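Asker: Chains R and Z, in that order, are what the protein sequence lines are. Quick note on this note's numbering: the first sequence kicks off at 1 and runs consecutively. Quick note on this note's numbering: the second sequence kicks off at 1 and runs consecutively.
Hints in this document: simulated from the structure, not taken from any laboratory. This one's a predicted model, so the numbers in the text were calculated from it and none came from an experiment. Heads up, a few of these hints could be off.
Below, a list of computed lysine-lysine pairs in the DSSO-like style, where the Cα atoms sit at most 30 angstroms apart [said to hold, decoys possible]: (1) R/Lys41 - R/Lys14; (2) R/Lys14 - R/Lys64; (3) Z/Lys103 - R/Lys41; (4) R/Lys66 - R/Lys41; (5) R/Lys14 - R/Lys55; (6) R/Lys66 - Z/Lys103; (7) R/Lys64 - Z/Lys56; (8) Z/Lys111 - R/Lys41; (9) Z/Lys68 - R/Lys41; (10) Z/Lys111 - Z/Lys42; (11) Z/Lys103 - Z/Lys42; (12) Z/Lys42 - R/Lys64; (13) Z/Lys56 - Z/Lys68; (14) Z/Lys103 - R/Lys55; (15) Z/Lys56 - Z/Lys111; (16) Z/Lys103 - R/Lys20; (17) Z/Lys71 - Z/Lys42; (18) Z/Lys42 - Z/Lys56; (19) R/Lys20 - R/Lys55; (20) Z/Lys68 - R/Lys66; (21) Z/Lys42 - R/Lys41; (22) Z/Lys103 - Z/Lys56; (23) R/Lys14 - Z/Lys42; (24) R/Lys64 - Z/Lys103; (25) Z/Lys71 - Z/Lys103; (26) R/Lys55 - Z/Lys42; (27) Z/Lys71 - Z/Lys56; (28) R/Lys66 - R/Lys55; (29) R/Lys66 - R/Lys20; (30) Z/Lys42 - R/Lys20; (31) Z/Lys68 - Z/Lys111.
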Amino acid sequence: GAVVSQHPSRVICKSGTSVKIECRSLDFQATTMFWYRQFPKQSLMLMATSNEGSKATYEQGVEKDKFLINHASLTLSTLTVTSAHPEDSSFYICSARRSGSGGGQYFGPGTRLTVT
Amino acid sequence: GESVGLHLPTLSVQEGDNSIINCAYSNSASDYFIWYKQESGKGPQFIIDIRSNMDKRQGQRVTVLLNKTVKHLSLQIAATQPGDSAVYFCAENSNPLGGGYQKVTFGTGTKLQVIP
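Kindly generate the complete structure, drawing on both the sequences and the hints.
Answerer: Spelled out as C-alpha cells, the structure:
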C-alpha cells in the first residue's frame with residue numbers, strides 16, 4: 001500500500017506564533033503533494049498543490065505568505081502556518097500522488113491545529 | 001455576529017441493508033472520480049474510483065455509478081455494516097490549467113449512520 005504520514009497529529013499554539021506541519025510519503029515517491037483544510041462538518045478545501053522542486057500553486061483566496069509550502073524532496077512537503085490566529089484552527093490534511101500514476105491520491109491522517 | 005455551521009446530510013440505514021450515497025459534480029471536463037470514506041478525526045480513505053469513459057465499476061461490496069449526462073455519481077454499499085458508518089465524499093479530478101496540473105475537488109459529503 002501507499003502510506004502517507006503527518007506530523008504532528010495535534011498541535012496547540014499561541015496566537016502570533018508559527019507552526020510547521022510535515023507530510024511524508026513513506027513507501028513511495030510523490031512528485032505532487034496537496035494540502036487541504038477541513039473545518040468541522042465541512043468538506044476538504046484544497047489550499048495548494050505542492051510540486052517537488054518548484055513553487056506551490058495556491059488556490060484562490062489562500063494567502064501564500066501566510067501558508068508557506070516547501071516540497072523539499074520527493075517524499076516530504078511541509079506547511080508552515082505563519083503568525084497563526086484562532087481562525088486558522090482547523091484540521092489540515094495532506095495527500096500525495098505517486099510519481100508516474102495517472103490518478104488517485106493517498107491521504108495522510110491529518111493534523112489538528114488549535115490556536116489559542 | 002452569529003455564525004451558522006454547515007450540517008452534512010445524513011443517511012441512516014439499517015445494518016444489512018444496502019446504502020446509496022449520491023453526489024452531483026460540477027465540472028463536465030472532470031475525467032476521473034473517486035469516493036472517499038472519512039472517519040472522525042482521520043484522513044480520507046480511498047474506496048473506489050471510476051474514469052469518465054466508464055459508467056459502472058464494482059469493488060468488494062461497493063459499486064460506483066457514473067452518469068455524465070446529468071453529472072451524477074453514486075456509491076452503493078451492499079449489506080451495510082456498522083463499520084461503514086463514516087462521512088463519504090465524492091471527488092472529481094480535473095486538469096484546469098493543462099499540462100501536468102491535476103486538481104481534485106471534493107463534494108460536500110454525506111454522513112452514513114448504520115443502525116445496528
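Asker: Give a verdict on every hint.
Answerer: Structure-based check of all given hints:
For the suggested pair R/Lys41 and R/Lys14, the alpha carbons sit about 24 angstroms apart, so the restraint of at most 30 angstroms is met. At roughly 21 angstroms between alpha-carbon atoms, R/Lys14 and R/Lys64 fall within 30 angstroms of each other, so this suggested pair holds. For the proposed pair Z/Lys103 and R/Lys41, the alpha carbon gap of about 22 angstroms is at most 30 angstroms, so the pair holds. Taking the CA atoms of R/Lys66 and R/Lys41, the gap is near 24 angstroms; set against the 30 angstroms cutoff, the hint holds.
Restraint check for R/Lys14 and R/Lys55: satisfied, since their Cα atoms lie roughly 28 angstroms apart, inside the 30 angstroms limit. Only pairs whose Cα atoms come within 30 angstroms are accepted, and R/Lys66 paired with Z/Lys103 is accepted, the gap being roughly 22 angstroms. Under the criterion of a C-alpha separation no larger than 30 angstroms, the hint pairing R/Lys64 with Z/Lys56 is inconsistent with the structure, at around 40 angstroms. Distance hint between Z/Lys111 and R/Lys41 is fulfilled; the C-alpha atoms sit about 9 angstroms from each other, no more than 30 angstroms.
For the hint pairing Z/Lys68 with R/Lys41, the CA-to-CA distance comes to about 28 angstroms; that is within 30 angstroms, so the pair holds. Straight-line distance between C-alpha atoms of Z/Lys111 and Z/Lys42 comes to about 14 angstroms, which keeps the hinted pair within the 30 angstroms bound. Between Z/Lys103 and Z/Lys42, the direct Cα distance comes to roughly 21 angstroms. Compliance with the 30 angstroms bound is thereby established for this hinted pair. The hinted pair formed by Z/Lys42 and R/Lys64 meets the criterion: a straight-line CA distance of about 26 angstroms does not exceed 30 angstroms.
A distance of roughly 11 angstroms separates the Cα atoms of Z/Lys56 and Z/Lys68; the hinted pair therefore holds under the 30 angstroms criterion. Our distance criterion of 30 angstroms between C-alpha atoms is met by Z/Lys103 and R/Lys55, whose separation comes to about 16 angstroms. Distance restraint check for Z/Lys56 and Z/Lys111: the Cα-Cα separation of roughly 23 angstroms lies within the 30 angstroms cut-off, and the hinted pair is therefore satisfied. Only pairs whose Cα atoms come within 30 angstroms are accepted, and Z/Lys103 paired with R/Lys20 is accepted, the gap being roughly 24 angstroms.
Pair hint Z/Lys71 plus Z/Lys42 holds up; C-alpha atoms about 28 angstroms apart against a cutoff of 30 angstroms. For the hint linking Z/Lys42 to Z/Lys56, the alpha-carbon distance of about 28 angstroms falls within 30 angstroms, and the restraint holds. For the hint linking R/Lys20 to R/Lys55, the alpha-carbon distance of about 17 angstroms falls within 30 angstroms, and the restraint holds. The suggested pairing of Z/Lys68 with R/Lys66 is violated, with an alpha-carbon distance near 38 angstroms, which exceeds 30 angstroms.
Simply put, Z/Lys42 and R/Lys41 have alpha-carbon atoms about 13 angstroms apart, close enough for the 30 angstroms limit, and the pair holds. Distance hint between Z/Lys103 and Z/Lys56 is fulfilled; the C-alpha atoms sit about 23 angstroms from each other, no more than 30 angstroms. Proximity of R/Lys14 to Z/Lys42 is assessed by CA-CA distance (about 24 angstroms); at most 30 angstroms being required, the pair is judged to hold. For a cut-off of 30 angstroms, the pair hint linking R/Lys64 to Z/Lys103 stands: about 18 angstroms separates their Cα positions.
With a C-alpha separation of about 18 angstroms, the suggested pairing of Z/Lys71 with Z/Lys103 holds against the 30 angstroms cut-off. Between R/Lys55 and Z/Lys42 the CA atoms are separated by roughly 28 angstroms; this keeps the pair inside 30 angstroms, and the hint holds. For a cut-off of 30 angstroms, the pair hint linking Z/Lys71 to Z/Lys56 stands: about 14 angstroms separates their Cα positions. Taking the CA atoms of R/Lys66 and R/Lys55, the gap is near 15 angstroms; set against the 30 angstroms cutoff, the hint holds.
Among the hinted pairs, R/Lys66 with R/Lys20 is consistent with the structure: their alpha-carbon atoms are about 12 angstroms apart, no more than 30 angstroms. For a cut-off of 30 angstroms, the pair hint linking Z/Lys42 to R/Lys20 stands: about 19 angstroms separates their Cα positions. The suggested pairing of Z/Lys68 with Z/Lys111 holds, with an alpha-carbon distance near 24 angstroms, which does not exceed 30 angstroms.
Hints 7, 20, counting from the list given before, are not met by this structure.
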